[in-house]
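Taking the hints into account, I'd like the entire structure generated from these sequences.
Protein chains: 10
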Amino acid sequence: MLTKMEAGRAVVEAKTRLGLTWQKLADVLDAPLAWTTAALLGQHPMSAEQAEAAASVLELGPDVVEALRAQPSRGALEDAVPTDPTIYRFYEVLQVYGPTIKELIHEKFGDGIMSAINFKLDVDRREDPGGERVVVTLDGKFLKYQWG
Amino acid sequence: MLTKMEAGRAVVEAKTRLGLTWQKLADVLDAPLAWTTAALLGQHPMSAEQAEAAASVLELGPDVVEALRAQPSRGALEDAVPTDPTIYRFYEVLQVYGPTIKELIHEKFGDGIMSAINFKLDVDRREDPGGERVVVTLDGKFLKYQWG
Amino acid sequence: MLTKMEAGRAVVEAKTRLGLTWQKLADVLDAPLAWTTAALLGQHPMSAEQAEAAASVLELGPDVVEALRAQPSRGALEDAVPTDPTIYRFYEVLQVYGPTIKELIHEKFGDGIMSAINFKLDVDRREDPGGERVVVTLDGKFLKYQWG
Amino acid sequence: MLTKMEAGRAVVEAKTRLGLTWQKLADVLDAPLAWTTAALLGQHPMSAEQAEAAASVLELGPDVVEALRAQPSRGALEDAVPTDPTIYRFYEVLQVYGPTIKELIHEKFGDGIMSAINFKLDVDRREDPGGERVVVTLDGKFLKYQWG
Amino acid sequence: MLTKMEAGRAVVEAKTRLGLTWQKLADVLDAPLAWTTAALLGQHPMSAEQAEAAASVLELGPDVVEALRAQPSRGALEDAVPTDPTIYRFYEVLQVYGPTIKELIHEKFGDGIMSAINFKLDVDRREDPGGERVVVTLDGKFLKYQWG
Amino acid sequence: MLTKMEAGRAVVEAKTRLGLTWQKLADVLDAPLAWTTAALLGQHPMSAEQAEAAASVLELGPDVVEALRAQPSRGALEDAVPTDPTIYRFYEVLQVYGPTIKELIHEKFGDGIMSAINFKLDVDRREDPGGERVVVTLDGKFLKYQWG
Amino acid sequence: MLTKMEAGRAVVEAKTRLGLTWQKLADVLDAPLAWTTAALLGQHPMSAEQAEAAASVLELGPDVVEALRAQPSRGALEDAVPTDPTIYRFYEVLQVYGPTIKELIHEKFGDGIMSAINFKLDVDRREDPGGERVVVTLDGKFLKYQWG
Amino acid sequence: MLTKMEAGRAVVEAKTRLGLTWQKLADVLDAPLAWTTAALLGQHPMSAEQAEAAASVLELGPDVVEALRAQPSRGALEDAVPTDPTIYRFYEVLQVYGPTIKELIHEKFGDGIMSAINFKLDVDRREDPGGERVVVTLDGKFLKYQWG
Amino acid sequence: MLTKMEAGRAVVEAKTRLGLTWQKLADVLDAPLAWTTAALLGQHPMSAEQAEAAASVLELGPDVVEALRAQPSRGALEDAVPTDPTIYRFYEVLQVYGPTIKELIHEKFGDGIMSAINFKLDVDRREDPGGERVVVTLDGKFLKYQWG
Amino acid sequence: MLTKMEAGRAVVEAKTRLGLTWQKLADVLDAPLAWTTAALLGQHPMSAEQAEAAASVLELGPDVVEALRAQPSRGALEDAVPTDPTIYRFYEVLQVYGPTIKELIHEKFGDGIMSAINFKLDVDRREDPGGERVVVTLDGKFLKYQWG
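Chains as they are written, first to last, in full-length UniProt numbering: chain V, 1 to 148; chain B, 1 to 148; chain L, 1 to 148; chain Y, 1 to 148; chain R, 1 to 148; chain A, 1 to 148; chain U, 1 to 148; chain S, 1 to 148; chain X, 1 to 148; chain Z, 1 to 148.
No wet-lab data here; the hints were simulated from the structure.
Any given hint might turn out to be false.
What the hints assert, rightly or not - Computed, partial: chain L to chain Y, Cβ under 10 Å:
1) E49
2) D63
3) V65
4) R74
5) P99
6) K102
7) I105
8) V123
9) R125
10) R126
11) D128
12) D139
13) G140
14) W147
To be verified - Ranges of calculated distance between the beta carbons of each label pair, as one might list FRET restraints:
15) Z:E132 to U:G130: 53 to 59 Å
16) Z:D122 to U:R125: 30 to 36 Å
17) Z:R9 to S:K120: 52 to 58 Å
18) B:R126 to V:D111: 15 to 21 Å
19) S:L20 to L:T16: 32 to 38 Å
20) S:D30 to Y:D30: 44 to 50 Å
Since we're looking at a predicted model, the values are computed, not measured.
Here a beta-carbon is modelled for each residue, glycine too, at the ideal position from N, C-alpha and C.
Structure (structure tokens):
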């Protein structure tokens, strides 16, 4: 059986070879774009229907289907501090603005956290006179510290 | 002279003692909320006017003014992997969705990154039938890999 | 102003000097025992009333009150892997049984986590013919992975 | 010969393919659920009878039997700080409540530890008006510091 | 499919076997020398034409072409602190002169950074009475800290 | 006696308070700009004349003079991987281009290194239609691997 | 109040100044030598009588008494891998012979551990024709892996 | 050729399959038990006679013989801090009692170390009313710090 | 193609099998002993003649020749702190005497370093009444800190 | 009481202020140069006579005398991998030549180590047509692996 990581690499390879896009794959699955990408990269389990639909359009076999359905052990970074510049910038945001985000969550909501489980994210493109911008929206349920 | 870290602690203390909010401080400075918070926590340099206005409403002295104006050496996390749960969830988002965000930036923009320098962020509250939600928007200029 | 860590040390010192117990302090605050202990060690913010009641019985001053009320930056271990044997055993449980707990949560609840925010814990003593036993109960809301 | 880790992966794969559950496997072995899961994941040695009974229902061969019987070198986390969110929450509990648990063990038992060897754990599901809850019970013999 | 790392090793091997140079390969691609080297080592994606031209002169097959075209996950050091002396000296420059470079960028440009994305570098040889010198020029666009 | 680190902080503070620049300080010392900055930040020892001239224009006392003259234990980064974005970009250059620089040094010079001891650097500003650019030139003697 | 670490340093200092030995201190306390040393270095809590007797012979004050009585947070090494050669050799023994000791415990006792809680140690001197030898005896109760 | 690590795994496997014990193997080699175990696990080189005698009783081939004879690069722990509980307890002993052992060596012998090279160890079983005990004896030559 | 590491392992294996010594190999190459050993272990590139002469006497094939000639990426330790006792002692020398060596280089030469590039080393055996001694001589060109 | 580290800093400061050299201090003590330097930097204990003689010529007080006499906890590097270039080069020697030294010790002496306890070192200056050279001689007793 393939690991979910290996299945993810097979997905990226097939997607490139066939000239597919993550958007096309999300359309096939009728699922949100970022969720679809994360699931195909091995960070979420897929239902049997989703896994089969994805494997079919990617022309991949039953071992990939099985891997896409499996429960993941999550965590996609190779190092605690990522080295790839595209990913590192988000770590840098955390380094520079982490305590700022914490202060503002506490000011607007009280003592608690943004859930990363009841959570969704979007990556959008916004045109701007100063040049196009990447807009990443993190949207998670507020969970209040609550004793029992 | 105070370090910017020490000035930041003095700011938090005075803000709590005086019953101020980050929003009130941002209003006084007529500056964006998250920028104001980050600057007062020591991650951005302030202009003389901003530093004096902030120190005045916080009833803090000239050493804090001087520290708020100084050029920061940025980086606000005590450990490479943050331990505070409110901040950790954002690290977890990076662990689970980092490669997803990377894939989508490349699909939508090509080879490059979201700038963390020409960048702004917002922390918002959205009401939802399932409970209020934290919405953090990261908005940075796309920078294309370009040789010289 | 004291940090919450320093306030916690002052609490432990006063508690020892006055011959108090965590149970007695929890009774004074009319709050759960483990929550009270964690809050007095600096891992939860207290209300003004709680902080003043605790400081009063501990014969501590207003700087401790202020620190006990402050929002914590959580994380109480000095090292990523704890060295104290009483705490290490719980890390060892995680090393040996972490994936077991994960498998059983997934089998009994589906894909998700036990919340550490909507959460309580108890430390109990159970008599047993083989010798008394420590029973630690971790009780957190199940949070299902849910996209938005 | 398979390592215990490889045998554990073969077990999870077979269990998924055959639609079995850890509970079913525990019933077959007539052993506690969490112990069975841990042993099949490679953290405890099994007796010949147990290993053969498990392999038989999982339709696995003698190399798995041999691996399940072998003495483990324990430790199941890939990193000192786990990245998988379901497991991380327990590390977070340790970060936030580790010293609290230590204080309460000392208050209720004196100077010593909860054994992680003479030890059992349960993962239970409790219905609650606020939503179902994960209840993990750690139950270990108290060991008093004792010189010789 | 080969990873970009494996393709890079195949490139180095073929280049050595065929007695080629990075300069020769850059001439074939009509691309800057350092960019060509970095791309062939797997740190930049190549266009189809470039990848095919490079593979052709290196007498390598279509799997290398495919790998050279793929989007990289960048980061070429095996350890956070490099051990190879030729590379380490640049880390040492950062250890000794990092804050100096930072001060001078701030003095000459204001608060901001040198882009490593809109960036090029050259490695040159300069004759000098005291012996030949390595001259490495890092040339990146200045990015000013700018809120949104 | 002050450490060189403490003297460096006193220098930065005085320089800011007096409205001086690193260039002005370099002119006073009649020394290269980057060397002056590095020496005043504590990474090079100064001669008695240099230390006194610098302290005089910075209006600092004999303890700073003594510290500026002392032999440094070099190394100016707080962490092995720097967190400040202005410095981090140079670490990123090393991550992405380290092996490229190594390959080109070996191609142009043979087996050896660029010295970081017989070495100088410049930070320059270059106007460009696409926006001003930071140009950092590293210039070190080539040292050939040579057995004795 | 002194920390136990600070009290330990005060003990070592007084012991040296007064020309005392650990053996003499153990005799005063009528306690085992190694236990006495460990307790005075802050790794075990002392009874009121022991702490007062020790402080009295060491001519130290009530703050040391209080610190010696306090419950320790154990862990006496400054780094995960000790640098002091006298201590390092024991880490080296663990590196070279750790799995050997594990195999022999399992062969002689079955699946379990040597307790480090119900435990004592001795450091002895043995004369030998080849030169005097250090003999360290670790003596802990065998704890069998036992589910509940 | 097998590495010594691979040979060690082959030894453990054969020993289990054939129902042998480390004691039996030591008897065959007429060598001390712990030395034999360490050597068969790859931490000491064996003579040709020993390697052949061991391979013969373990029914292993000439590649194992060759590996057992080879000079080891010693170090048997997978992590700097071991995770296996049976081995960890010895690390814990070092964490809690390391400085105690150091103090007692210096008190009894002067400035120096216990050799880990001119060294032997034993793992024994001692019956005790309170339960059987593991007794590990470390016995190394005292080496005095001596300049040349 | 073999990596230089793999070629190094093949060299050690062949040398053992054929009963050769490093000295014999150095004689064949007519090169210094330590240089020869380092080069055959993969830390220096060999000329075609050297590589072929070495492979010939070691009865190894053209893939080893090619690997021995390749430019190395240097760094031979598996961990930042070596675990093998024979190598560790040199790390310990650095831990205990590093600043001593630095002070003496500065006293005897001024501000600078011993080159590790224009460098040779010898490992010698010296008879001594107190027992034979290992004498390692490190001999590198002094490089003075020199700006440009 | 001063720590040995603090005493070492006081020694360096006084030595600089009084224009003394390590050689002069060694002459005063009639002790080897490197030993004297190491002892004054806190890595060896001094006799009462040596400590008093050193303090006298350095014009330092009885607290320094007491610290110089105390038993050290050895280890003088701030980081596991040193950052100072003068010290780093020796770490680099270990990275590049560590296994070479190990091979040659085994070839010339058999299985064992160079003692770092029965050990001395010298730092010498050798004139050479190619420029002056630093010669560091490490000279330690060979210790053979010997079981008991």
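Here is how each hint holds up against the structure:
Interface hint status for E49 of chain L: violated, as the beta-carbon distance to the closest one in chain Y is roughly 21 Å, over 10 Å. About 21 Å separates the beta-carbon of D63 of chain L from the nearest beta-carbon of chain Y, more than 10 Å, and the hint is not met. Violation of the interface hint for V65 of chain L is found here, the shortest Cβ-Cβ separation to chain Y being roughly 20 Å, above the 10 Å cut-off. A cut of 10 Å between beta carbons decides the hint on R74 of chain L: the least distance to chain Y is about 5 Å, and the hint holds.
Given hint, P99 of chain L at the interface with chain Y, holds; its Cβ is 5 Å from that chain's nearest Cβ, closer than 10 Å. At its closest, the beta carbon of K102 of chain L sits 5 Å from a beta carbon of chain Y; the interface hint therefore holds under the 10 Å criterion. With a least beta-carbon distance of about 6 Å to chain Y, the hint placing I105 of chain L at the interface is held under the 10 Å criterion. Annotation: V123 of chain L was flagged as interfacial toward chain Y, and the flag holds, the nearest CB pair being 4 Å apart, inside 10 Å.
For R125 of chain L, the shortest C-beta to C-beta distance to chain Y is roughly 5 Å, which falls under 10 Å, so the interface hint holds. Look at R126 of chain L: its Cβ gets to within about 7 Å of chain Y, closer than 10 Å, so that hint holds up. Hint status for D128 of chain L: holds, given a least beta-carbon distance of 8 Å to chain Y, under 10 Å. Here the hint on D139 of chain L is kept, as its CB sits about 5 Å from the closest CB of chain Y, short of 10 Å.
A distance limit of 10 Å between C-beta atoms decides the matter here; for G140 of chain L the minimum to chain Y is near 6 Å, and the interface restraint holds. Interface restraint check for W147 of chain L: the shortest CB-CB distance to chain Y comes to about 15 Å, outside 10 Å, so the restraint is violated. Range check, E132 of chain Z to G130 of chain U: Cβ separation about 44 Å, and the 53 to 59 Å hint is violated. Hint check: D122 of chain Z to R125 of chain U, Cβ distance near 33 Å, so the stated range 30 to 36 Å holds.
In this structure the supplied range 52 to 58 Å is violated for R9 of chain Z paired with K120 of chain S, their Cβ-Cβ distance being about 42 Å. At roughly 19 Å, the beta carbons of R126 of chain B and D111 of chain V sit within the given window of 15 to 21 Å. Separated by about 56 Å at the C-beta atoms, L20 of chain S and T16 of chain L break the suggested range of 32 to 38 Å. Checking the proposed 44 to 50 Å range against D30 of chain S and D30 of chain Y shows it holds: the Cβ atoms sit about 45 Å from each other.
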